[in-house]
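Protein chains: 2
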Amino acid sequence: MSLRYAILAILTAAPLTGYETAKRFEGSVGHVWHAPDSQIYPELRRMEAEALVEGREERWGPKGTKTRYYITEAGEAAFRSWMATPLKYAPWRDVAHMQAAYFEWAEPASVRMHLKQHAAHYTEQIAQWSSQIEAIRSHEHPMIAARLERYPAEQHERIVAFKAFAYEGLIRLAQAEVDWARSGLELLEQLDGDAPA
Amino acid sequence: MSLRYAILAILTAAPLTGYETAKRFEGSVGHVWHAPDSQIYPELRRMEAEALVEGREERWGPKGTKTRYYITEAGEAAFRSWMATPLKYAPWRDVAHMQAAYFEWAEPASVRMHLKQHAAHYTEQIAQWSSQIEAIRSHEHPMIAARLERYPAEQHERIVAFKAFAYEGLIRLAQAEVDWARSGLELLEQLDGDAPA
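From first to last, the protein sequence lines stand for chains A and B. For the first sequence, position 6 matches number 6 in full-length UniProt numbering, and the numbering has no gaps at all. For the second sequence, position 157 matches number 157 in full-length UniProt numbering, and the numbering has no gaps at all.
Where hints are given, some of them may not hold.
Given that identical chains are not distinguished, each listed pair holds provided it fits within a single copy or across any two copies.
As the list claims (entries may be wrong) - In silico SDA-like links for lysine to any residue, alpha-carbon gap of 25 Å or less:
no., residue 1, residue 2
1, K66, R137
2, K63, G30
3, K23, R150
4, K66, R46
5, K23, A51
6, K63, P15
7, K88, G30
8, K63, M143
9, K88, S2
10, K63, E157
11, K63, S81
12, K116, A153
13, K116, R80
14, K63, R45
15, K116, S2
16, K23, G55
17, K63, P108
18, K116, L191
19, K88, Q39
20, K23, T67
These are calculated hints, taken from the structure and not from any lab test.
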C-alpha cells in the first residue's frame, strides 16, 4: 500500500505520465521508496479505477496519445488521511546484520571484505543523499522547483524543511552503518589478536 | 534467497523440526531476519530437495511422526560460500522516511504523533536488542547455549562476539532513528514558531 502513497505524494507536485512517474522512482522519491516499473503501471491503473487519480489522454507525436495522471480531490483526501494515521512498523529484515551474526563461519578475510564493502556502500549513499539535500535547499531540485511553483509562498519553508529532514534521517542511518562496520573491523583485529597462534 | 541462509544459520546450532525453525524466526534470528511461517515450511522442503538439509522422521506422540531437519555437508558448504560472497545491497525502502518527506501535508499534531511514535518504537527496539545482547554475552540465550555446546571452546569467543556485534549494529540504527525523530520535533517547533500567526 505504501507505493500508492508514494505515487500520490509525487503527483501532488505535478501531473505525470506513467513513464514520468516511473522515472521519479529512479531519482527523487526513489531515494526513500524503491519500486520497479512493473509495480508502478498497474498501481496507477488501480488508482484510476478508484478515482484517486484521473488519467487524461494527450497527443504524443504525430499519431500517438499518452495518459497523464492528475491527482483528484479524493486522491488528496486519501493522502491526507494516510498522513494522519499511525504507521505500522514492519519487523526487521536486514541481510547484512543477519549475516554478521554468523561471521564465525567466514574467513577473517571475508569478514573484512564484507565490513569494508558495507562502509563503502553507505559512504556512497551519504554522498548521494547529501547532494540531494543541497539541491533541495537551493531549490535546484527539479521536483522541488515544480512543487514550490504550485504552492503558496508561506508553505515553501515547510516543503523544503521536511524534504531535507527526510534525507537527514537517511544520512544518520547510513552514518550508523558506517560506524558499525568500522567497529567491526576493530573487533576483528582484537579477535585475531586473541586467536591461538 | 536470504531466508535460505538464515535457516542454514540456525541449523548450524542444532537440528530442528519445521515448527521449531518457525519459532526461531519469532525470537532469535527473527530479530534480524523476519519471515512468516508460510515461507519457512516450503523453503525447508526445497532445501531438502536440494540436499542442503536432511529430513529425518521421528516419533511424535503415540502414533504420529515429525520431521527433524539436519544441515548436511552440502548445506554447510553453501552457507560458507555465501559467507565468502559480497552482498548485493537492495535499494532503500522505508515508509517512515518517505512519509516524512511530505509532512507539509500533515497537521502539526499528526507530525508530532508520527515522530513520537517513531522514537517510542525504536526506543522499545533498543530495549529488546539490549536484552538479547545481555543474554548472548552471559551465554543464557538458549540458542547460544546450544551452539556453544556444539563447537570447540576456542571458537566460543568469536561466536559470542559476532552475535553481540550484529545486535549492536541494530541498536546503532535504532538510536539514529530516535535521534532523527527528536530532531524532527525540534524542527517542528521551529517551523511553528516561524509560521505566520
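A quick look at each hint next to the structure:
| no. | hint | verdict |
| --- | --- | --- |
| 1 | K66 / R137 | neither (33 Å within a copy, 61 Å between copies) |
| 2 | K63 / G30 | neither (32 Å within a copy, 55 Å between copies) |
| 3 | K23 / R150 | within (20 Å within a copy, 52 Å between copies) |
| 4 | K66 / R46 | within (17 Å within a copy, 45 Å between copies) |
| 5 | K23 / A51 | within (23 Å within a copy, 43 Å between copies) |
| 6 | K63 / P15 | within (22 Å within a copy, 65 Å between copies) |
| 7 | K88 / G30 | both (21 Å within a copy, 18 Å between copies) |
| 8 | K63 / M143 | neither (29 Å within a copy, 67 Å between copies) |
| 9 | K88 / S2 | both (11 Å within a copy, 23 Å between copies) |
| 10 | K63 / E157 | neither (43 Å within a copy, 71 Å between copies) |
| 11 | K63 / S81 | neither (40 Å within a copy, 55 Å between copies) |
| 12 | K116 / A153 | neither (45 Å within a copy, 28 Å between copies) |
| 13 | K116 / R80 | between (42 Å within a copy, 19 Å between copies) |
| 14 | K63 / R45 | within (23 Å within a copy, 54 Å between copies) |
| 15 | K116 / S2 | between (32 Å within a copy, 20 Å between copies) |
| 16 | K23 / G55 | within (18 Å within a copy, 47 Å between copies) |
| 17 | K63 / P108 | neither (62 Å within a copy, 48 Å between copies) |
| 18 | K116 / L191 | within (17 Å within a copy, 39 Å between copies) |
| 19 | K88 / Q39 | both (21 Å within a copy, 21 Å between copies) |
| 20 | K23 / T67 | within (15 Å within a copy, 49 Å between copies) |
Checked against the numbered hints above, the structure breaks hints 1, 2, 8, 10, 11, 12, 17 and satisfies the rest.
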